[in-house]
Amino acid sequence: MAMNSSTMLLVLLGVPLCAAAILAFVGDRKFAPEINILGSAATLATGLGLALEVYLQGPMLAGGKFFFVDAFNIYLSVLTSFVSMTTAMFSRGYMRREREHGRVGKIRMRFYHAMFQLFIFAMLLCLLTNNVGVLWIAMELATLSTVLLVSLYRTPTAIEAAWKYFILCGVGIAQALFGTVLLYFAAEKVLGEGGEALLWTNLSRVSGSLEPTVLSLAFVFLMVGYGTKVGLVPLHNWLPDAHSEGPTPISAVLSGLLLNIALYALVRCKVLVDGSTHTHQAGNIMMGFGLLSILVAAFSLLRQKDIKRMFSYSSIEHMGIATFAFGLGGPIATFGALLHMLVHSLAKSAIFFTVGHASQMHRTQEMERIRGLFKGNPLVGWGLMIGVMAIVGMPPFGIFTSEFLILTATMKDAPYLTPFLLLGLGVTFAALFRKVQPMVSGDIPSYQRPVKAAHLPVLLHLALVLIIGIYMPAFLNTWFHTAVELLK
Amino acid sequence: MNLHIAAQINSFLAALVLLTAFGMLVQKRVYGLIHLFAWQGFFLSLNTAIVGFVADRHHLYISSVLTLSLKVFLLPYILHVLIHRLKIRKEVETIVNIPTTMMIGIALVIFSYHLTAPVRELSNLVTRSTIAVALATVMLGLLMMITRKHAVTQIIGFLALENGLFFAATSATYGMPLVVELGVALDVLIAAFIFGIFFFHINRTFDSLDVEQMARLKEGD
Amino acid sequence: MNLYPFAAEMLQILIILAIAPAFVGWVRMLKCWLQGRTTAGLFQPYRDLMKLFAKDVILAENASWIFRFTPYIVFGTATLAGGIIPMLSVDLPLAASADAIVLVALFAIARFFTSLAGMDIGTAFGGMGSSREMTIASLAEPAMLMAIFTVSLAAGSTSLSQIVQVVFSGQSVLRPSLAFAFLAFVLVSLAETGRIPVDNPTTHLELTMIHEAMLLEYSGRHLALFEWAGMMKLTLFMALGAVLFFPWGIGTGSIIASGLAFVFLLLKLAAAGIVLVLIETGLAKMRLFRLTEFLGSAFLMATLGMLSFFILE
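Residue numbers (this note's numbering), protein chains in the order written: chain A, 1 to 488; chain B, 1001 to 1221; chain C, 2001 to 2313.
Source of the hints: derived by calculation from the structure; they are not laboratory data. Keep in mind that the hints are not guaranteed to be accurate.
[What the hints assert, rightly or not] DSSO-like mimics (lysine-lysine), calculated; alpha carbons at most 30 Å apart, straight line:
no., chain 1, residue 1, chain 2, residue 2
1, A, Lys-375, A, Lys-488
2, C, Lys-2285, B, Lys-1149
3, A, Lys-305, B, Lys-1149
[To be verified] Each pair of labels, with its calculated beta carbon distance range:
no., chain 1, residue 1, chain 2, residue 2, range
4, B, His-1114, A, Leu-56, 48 to 54 Å
5, C, Ile-2279, B, Asn-1124, 54 to 60 Å
6, C, Ala-2284, A, Gly-192, 56 to 62 Å
7, B, Val-1065, A, Ser-204, 33 to 39 Å
8, B, Phe-1111, C, Ile-2255, 49 to 55 Å
9, A, His-278, C, Thr-2135, 53 to 59 Å
10, A, Gly-192, B, Val-1065, 23 to 29 Å
11, C, Ala-2108, B, His-1114, 46 to 52 Å
12, A, Pro-234, C, Ile-2279, 42 to 48 Å
13, A, Leu-460, B, Met-1103, 43 to 49 Å
14, B, Met-1103, C, Thr-2135, 35 to 41 Å
15, B, Met-1103, A, Gly-330, 44 to 50 Å
16, A, Phe-475, B, Leu-1186, 36 to 42 Å
The structure displayed is predicted, hence computed values, not measured ones. Even for Gly, the Cβ is constructed at its ideal location relative to N, Cα and C.
The whole structure should be built from the sequences, with the hints applied where relevant.
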């Protein structure tokens, strides 16, 4: 390899940061979307290189223990940079049209591009940092960088959504900081004072000797804090608003990526707490939140009229499934959860791409007014249809595999919860199909305008979901198994 | 300094922080709120410096100066300017009446006390008794955000909550590592700019900073 | 048997009876100075009282025994309260047999009868005054008790002598619980003694009256007793605050110590008068329905004091 892993890490984080800085000045130019795509592509390439390194050599520390890469976070990093690249590709045409429609101006385009890259940076920092405190800071940075993107259109609803997002996530994440303080309090007794005591690698090494009472208390706060960002019921109020009012590319990355990152943080903390308490308490809390999210989101889906809002609820449901599975623990459920994070992220962003096109075609997000997509634009229509088929867990898509694994594990470890899980999945299935079917079929309404859809991102995502469903590549399999080992 | 006296000063400052937190909960005027917030920041900063001195942790001096400049001068100043420029009504209404809010506040203090009991028992720091107050400050900030329907008061509640977190870090562990403290301060600063921008947006779009008016995004409409 | 405590007890009661009008005179003088008026002098309250005692009592036709007895009850309880609070010496027979709760109860008895007497004649203002007085009492008394409990917790006893001794000898200078309790006590005192911002003792406007409204029908020596009891109540509250929270110079047994305590008491009362006048000049009378917030704050302070005793000490 030309670069050693430390340099590669720096590049991985440096590229989005530099891209953000450049785009802050030239983000309104004609070539800005290309810079955006290029930056994300460079990030992805570095991420893949680093992944290969980790795949071959195992977990590693870098940058004076400040960064830490293992199978768990590198796969999420690659996913993050991949989805950010495809989103950048999608946003090229989408944002251009929004500008033509007069919904955003020059300065806002600059702002949009710069913040997009900054957001990617914050997420990657979240994933790669070894310091639990920095993890919190990066998470807050990710929130702050997207707040003003949600309100980009400056409509009353967008501002309301962004304000809710800002306040509720701010409050939520503050609880997580309190949890982190408690974690540090416990760690300091074992590891001594200073930055060393917040390093995840150190913490996981000594987790057995951390004070269990303090850690369970800390976990409650961390759960509430990061749980808010994951969008778990009952802390989910901000999510449907924030995800539906912002520009669609932002909805795609918020739903597809940011939720994953928050869940990542939560799972990392759970590993520490489990190591300390030796009980299933943290897992039970996560299972409770997860199941509640699945059920509430499923029934909320039935009532939605706004298409992006509906899919935001679907995100809550899927995050609930993953949280539930992580809470359940055990190799099969954890494997399922990891896989679920991956495939949900791919499928959901693909859906948002098509939804973005559909709402641009009809100039509305109301499902009542979106009709005749098959005929109007086959790619958008079929993309949406297949995406929905994937997201509700129909075979042969990847989500079927992950949900099947999770269900199997549930039947084995917590059989009495299986009916609830099935109920949630069933209701979602019915609700989504009932809503999507009239949108895609039927005649083209008079007010529909054709748009030039971005083919590649949608096709790429759906193909990957399909491939993972039919045939799991060996390296992915090994990877997940390593991650499962890590999370034991 | 004598450790016993230090602990007393620490407790007394904690009591003052709690008092300002309650003061904010019942204060009706926006300027009064900002002044209380600045006072709270001042007590915190003083407390941090004293803890730093007693425990011989020099990085706490940096935190103390950071708090002083950020929360006592900069943020109140920004809020002052914003309120002046946006010509905000001086009185703020509350959703829940004040005596009820106070009772809830007292309940929250008791709750925090019980919640932090394990930490207090395990700690051997001079500052251990103030952990409950720190958590209470967080909770009261939260309560303030819930009971007020004005954007400015919500933000002050948010910042007060942040004060509580900072206090918690000082009293439970003699402060988080410096890199974390700095990062948190940076986040607060960014948040300050964001809410500044927001005030203008909200004011322009809704003609007031009353958050009650923001109720268009409701379920099932 | 040592007779000295009984002598001190008697002496203290007599002193309180004697200096209460002077204290009120002092407060009025300060107020006049602050407002740039000429004063009637320190001894005007004595002249007022003497004048009232000299006048005949006029009773309404339908006045019952309650109406006639109440002035004596009120005056009696005030005198008794003067014997309970350890001002000159901590070694008082009454202070040993009655504690802080009895003190609050004594004031409550006085208030109860005053309210009954206010309603006894059946005039509109009397009834209104009684109703308002009871409203305030229902809010002020819990706060008062809470403040006293906080101090008792800190001292480990509800006996006033005990509290004074513990606070006096206490090593801790900065006790948050005592500071909170003191703030609560100040707020409650303003309400209990009918000062601005709760009530205006000098008002002539019947509609805004609270305490005075109940006394509208009284005249002659009855009114004099009420006035005197009111003066004593104010003095006692100030003295109570002074001895509970600033017990410097309190006597422990000897005559000289008691003499010194008397000088200190006068100084502290003078200072308390200044603070009281500053508060009264700085604030405006509150609307009646805002009193819940005012007294709610007092209760809050007292509760915070109690909590910080558990949390911080």
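Evaluation of the provided hints:
Between Lys-375(A) and Lys-488(A) the CA atoms are separated by roughly 50 Å; this puts the pair beyond 30 Å, and the hint is violated. About 29 Å separates the Cα atoms of Lys-2285(C) and Lys-1149(B), which keeps this hinted pair within 30 Å; it holds. For the suggested pair Lys-305(A) and Lys-1149(B), the alpha carbons sit about 28 Å apart, so the restraint of at most 30 Å is met. Between His-1114(B) and Leu-56(A) the beta carbon distance is about 51 Å. The supplied range of 48 to 54 Å therefore holds.
Between Ile-2279(C) and Asn-1124(B) the CB atoms are about 43 Å apart, so this pair departs from the stated range of 54 to 60 Å. Taking the beta carbon of each, Ala-2284(C) and Gly-192(A) are about 58 Å apart, inside 56 to 62 Å as hinted. One distance hint, 33 to 39 Å for the beta-carbon pair Val-1065(B) and Ser-204(A), holds here, with the actual separation near 34 Å. Separation of Phe-1111(B) from Ile-2255(C) is about 53 Å and conforms to the stated range, judged on CB atoms against 49 to 55 Å.
A hinted range of 53 to 59 Å holds for the C-beta pair His-278(A) and Thr-2135(C), which are about 58 Å apart. Checked against the given bound of 23 to 29 Å, the beta carbons of Gly-192(A) and Val-1065(B), roughly 25 Å apart, stay inside it. The hinted range of 46 to 52 Å is not satisfied by Ala-2108(C) and His-1114(B), whose Cβ atoms lie roughly 34 Å apart. Separation of Pro-234(A) from Ile-2279(C) is about 47 Å and conforms to the stated range, judged on CB atoms against 42 to 48 Å.
Between Leu-460(A) and Met-1103(B) the C-beta distance comes to about 58 Å, which lies outside the given range of 43 to 49 Å. At roughly 18 Å, the beta-carbon separation of Met-1103(B) and Thr-2135(C) lies outside the given 35 to 41 Å, and the hint is violated. Remark: the range hint 44 to 50 Å for Met-1103(B) to Gly-330(A) is upheld by a beta-carbon distance near 46 Å. Look at Phe-475(A) against Leu-1186(B): about 38 Å separates their beta carbons, and that is inside 36 to 42 Å.
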